[in-house]
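Start from the sequences, fold in the hints, and give me the full structure.
From first to last, the protein sequence lines stand for chains A, B and C.
Residues in the first sequence are numbered consecutively from 1, following our numbering.
Residues in the second sequence are numbered consecutively from 1001, following our numbering.
Residues in the third sequence are numbered consecutively from 2001, following our numbering.
To be clear, the hints were calculated from the coordinates, so they are not data collected in a lab.
No experiment lies behind these values; they were computed from the predicted model shown.
Please note that the accuracy of each hint is not assured.
The calculated lysine-lysine pairs, modelled on DSS-like cross-linking and capped at a C-alpha distance of 27 Å, are [stated by the list, open to error]: (1) C:2208 with A:135; (2) C:2166 with A:135; (3) C:2090 with C:2135; (4) C:2390 with C:2266; (5) C:2390 with A:135; (6) C:2090 with C:2235.
Computed from the model, here is a short list of chain A residues facing chain B with C-beta under 10 Å [unchecked claim]: (7) 114; (8) 123; (9) 273; (10) 278; (11) 280; (12) 285; (13) 286; (14) 292; (15) 294; (16) 297; (17) 307; (18) 310; (19) 313; (20) 314.
By construction, the Cβ of each residue, glycine as well, lies at the ideal position given by its N, Cα and C atoms.
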Amino acid sequence: MQRGPAVTYIILGLLALSALLPPHLNGNWVHVLTLFFMMSCLAQAWNLIGGYAGYASFGNVTFFGTGAYTCAYVMNELHWPFFAATACAVVVGAALAALLGWPILRLRGHYFAIATLGIAIGMQALVAELPPLGKGSGMTLPINSNFHFFYWVMLGILIVSIVLTAFISRSRFGYALVAIRENEEAAAALGINAARMKVAAWAVSAAITAAAGATYAYWTSFIDPPTVFDLNFNVLMIIMVLLGGAGSVVGPTIGSFILSSIGEYLGAQSVSPWHTVVLGAIIILVVIVLPRGLMPYLTGGLRAWNLNALRAQLRASRI
Amino acid sequence: MNVINIAHGAFIMLGAYLTYWLFVGPMHLDPFLSIPLAMLAMFVLAYLLQRVLVNQVIRAPMLATFLLTFGISIMIANLAQIFWSSDIREITTAYSGTSLSFGGLTVPWVRLWTLLIAIVLTIALQAFMTRSKIGRAIRATSMDVDAARLSGVGVANIYALTFGIGGALAAAAGSLVSVSYAITPSMGDSFLVRAFVVSVLGGLGNVTGALVGGLVYGVIESFGALWFGEGFKDVVAMVALLLVLLFRPYGLIGRATA
Amino acid sequence: MGFANDRHHRLFAFLTGIAAAALLAVTGAAGTPQPAAADDVITFGAALSATGRDAREGALTKEGYDFWADYVNAQGGIKVAGKMYKVAIKYYDDASDSATSAKLVERLITQDNIKFILAPYGSSATFAASAITEKYQVPMVDPNGAAEAIFNRGFHYTFAILSPAKKYLQGILELAQTMHPRPTTVAVLAANDQFSIEVAAGVRDYAKQNGFTEVFYSEYPPDTKDVATLLTQVKAKNPDIILGSGHLQDSLLIMRAAKDQGVQSKIIGFSVGPSTPDFITSLGPDANGVMGGAQWTTALTYTDPVFGSAQRYTRLFQAKYNHLPDYHNAESSAACETFQYAMAKAGSLDPDKVRDALASLDIDTFYGKIKFDSRGVNIYKPMAVEQIQKGVHETVWPEDAANAKPIYPLPPWGKR
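Next comes the structure, spelled out in structure tokens:
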């Protein structure tokens, strides 16, 4: 098994170290970092189906919401403890992805993307009509104000998802996914069972997303359909993956870090919408200069940082 | 052309605001009459945006255009918020609320006109795409950029023109909806989602597909609301979408592109 | 644009870098300066929706908060334990997202060291924020989150000064009972969210117990774009009274659809919408005759030492903001005033002492009686009913506060 790029180990190391941070941080930073870990989990999960397999899911947030509601229901109605509830959420999420994946992953490109978008919208509407799930009023969960606990749980899920991605990327499964992304017909001709691989990738992606959703539900102690099925989450997770580098092991986390830092910095400056305007401008500039995200520069070493490479890439990207 | 335009909703919003300002301004232009003006203005804006910004990433890997147009859309929406505030604007004309009654059915005139104009624009677009030189250039470029370039098509210009036409149509949509809905800076979002769903339902790369998709979606949503209750209408519509895609993976009248 | 040569490319990349850095720097420099962390300034914290779906309501809330702050500062500040303090409010934008509200409230408390929170706009956001204030034991006064569910969690640090959700539309039915001929059939439309469902449940119960017949009830998705199907069904039932429980944009949508379909009822009323200035400017003459449940109206006869009376508040507010205050404005100012009284009563700025003072408060303000039950809900303030007549809000209920007779039944569309 080959060793990965140095940046993967650096990121994992930093994350492991950050487990020691909470006692030294005020509540605001604990909250901000927990959110950053959560968004990174969502991005890492999306990367499996979107980055490696090349199937851009606009509906991954479905599993986030499903995980959140499963956790809420299990904790409230069955009175199970949190970790058992999260396990249920993971199972439900993966099962849902497997169930829906068989028919939906047959679609390609934009059709797949919009079909998943439809799933997200439909699921939100469905959940809002189910009385056991509180309908439009949502559900409350038992209060747990030990916010450090959630910090560590989210961090744990993130580390697990990065390690999982690393293993997948170097396994036959991972190579099969990349082959599917590059040319699905050729991959199938080579004997790869594309259908099964895609569904498996989506199931893993859904499992991680559902775990994050379950933790989110317990953390905020209140969920309702518009919050946990919010399409904005999906847009954000895609942007983070693209900023960091799709199809790489830690690209999503890096992208999440970039977006979260800039967003946090700008948001703290003022209340006016100018900060979002600036965010938009920065996103535009970054994607023009780094259309493959940051990863190629971090793995290519310093050689990639010269202007010639940048110029060549700009030329290759535009029309 | 494989450009996912997240800013489409923002263009719709701009079209609506433009119509509003023309309506309450000294000209008191009727919303339906301001459609050509809104279309022209947005065509220019969209053309420039494509030429200057989006063209930089056309050949970049997957979804770079998604990211770029997302950045554009949040800039536009928030600039609108800053300059025009979050006050809700509405356009009420002399004929708003009047309707055509026949056989127990009540059809508001505004909705009827909206439908007619949508049909006219679709037919015009279809004719443009199939008959005109530029339309053929667009279709050629969408099939194979390099071959088109070799055939002498100015592809950068074509991309920009296509985006411009999309922007113009979004503006027309904005003008049309401005008469029926509240005008706010964030109004574009829900229209964007529906636009994506509808175009996929009908079939991508297909002008009449969008019209068919829109009509089918509207009918399913309304009957879904009637038979299953207002809350389930989105569920019904999405289930219908998924079923359609199951049996027709390229939309109702779409085809697999080469 | 095709770059003619590599030098242009370099220039572009270089300018891009400069532009990005400049943007970041400018926004940093233009950020709101921190109020002097001086000993004589009390800073309140508020995470409000400046953007997003509730942007309009958030803006109205901010006007209310700012109006109070400017007013008391012009008087020299507020007096606590013999010392005068100026007031300041630190704002963040939660973009109408309740998860963001919670995060920003936590930031206000733990990063900005703010000890007194003014609640975000809306029940959902207040719900999310209440868990945070409870954890850090920071008192929060809530002027516009009316869902009682917020208060069924056994929290001690959140206090809602507004009448609870279930009372919003009751007043309209109370008024209806005094009309001749007495209307009997009711149709209720409710947005599928916590607040609106509580409002609908409250009015439906009241209807059932007071001799009204409910002929139609339907919920609709909160962000629906189309209610034509709903109104078609309502029209078929021909109800005397149509009640809508939702938010501002819903009320406009329903009014338009009702006019499109030619739905004619004797009374039409909404929980949220008619009281805002936008309702009248958006609908023009069609707005006449519409009733709305109002937490407060400009005609009420309450007085208080800070603003004088409801009428004086109205006059000063209009002078400053160029529009008549609606209840969102008033209740937001009243929330700040509540803190003011609590601090004076506690004689201290210690959050726990202020919280205790809030819990035992019993005062009359220009907004109404403010007194909380053991959960933190103000069950002592009645709600009023407004009706738009000739483009102006008139108070039509309760009778002792009414300054106009209600228009009943509604004239046909086009004749309003």
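Outcome of the hint check:
1. The suggested pairing of residue 2208 of chain C with residue 135 of chain A holds, with an alpha-carbon distance near 23 Å, which does not exceed 27 Å.
2. Taking the CA atoms of residue 2166 of chain C and residue 135 of chain A, the gap is about 18 Å. The hint holds against a cut of 27 Å.
3. For the suggested pair residue 2090 of chain C and residue 2135 of chain C, the alpha carbons sit about 20 Å apart, so the restraint of at most 27 Å is met.
4. Proposed proximity of residue 2390 of chain C and residue 2266 of chain C is supported: the alpha carbons are some 17 Å apart, at most 27 Å.
5. With a C-alpha separation of about 39 Å, the suggested pair residue 2390 of chain C and residue 135 of chain A falls outside the 27 Å cut-off, and the hint is violated.
6. This hinted pair does not check out: residue 2090 of chain C and residue 2235 of chain C have alpha carbons roughly 48 Å apart, beyond 27 Å.
7. Checking residue 114 of chain A against chain B: minimum C-beta separation of about 4 Å stays under 10 Å; hint holds.
8. Of the supplied interface hints, the one on residue 123 of chain A holds, with its beta-carbon coming within about 8 Å of a beta-carbon of chain B, less than 10 Å.
9. Using the Cβ-Cβ criterion of 10 Å, the hint placing residue 273 of chain A at the interface with chain B is satisfied: the shortest such distance is roughly 4 Å.
10. Because the beta carbon of residue 278 of chain A sits about 9 Å from the nearest beta carbon in chain B, less than 10 Å, this interface hint is met.
11. Hint on residue 280 of chain A holds. Least Cβ distance to chain B is approximately 4 Å, under the 10 Å limit.
12. The criterion of a C-beta within 10 Å of any C-beta in chain B is met by residue 285 of chain A, whose closest approach is roughly 8 Å, and the hint holds.
13. Here the hint on residue 286 of chain A is kept, as its CB sits about 8 Å from the closest CB of chain B, short of 10 Å.
14. Hint status for residue 292 of chain A relative to chain B: holds, with the closest Cβ pair at about 6 Å, below 10 Å.
15. Contact between residue 294 of chain A and chain B, as hinted, is not supported at the beta carbon level, the nearest pair being about 13 Å apart and thus beyond 10 Å.
16. A least Cβ separation of about 15 Å between residue 297 of chain A and chain B goes past the 10 Å threshold, and the interface hint is therefore violated.
17. Because the smallest distance between the Cβ of residue 307 of chain A and any Cβ of chain B comes to about 17 Å, over 10 Å, the interface hint for this residue is violated.
18. A cut of 10 Å between beta carbons decides the hint on residue 310 of chain A: the least distance to chain B is about 13 Å, and the hint is violated.
19. Interface restraint check: residue 313 of chain A against chain B, minimum CB-CB distance 8 Å, threshold 10 Å, status holds.
20. Restraint check, residue 314 of chain A versus chain B: the minimum CB separation of about 7 Å is within 10 Å; hint holds.
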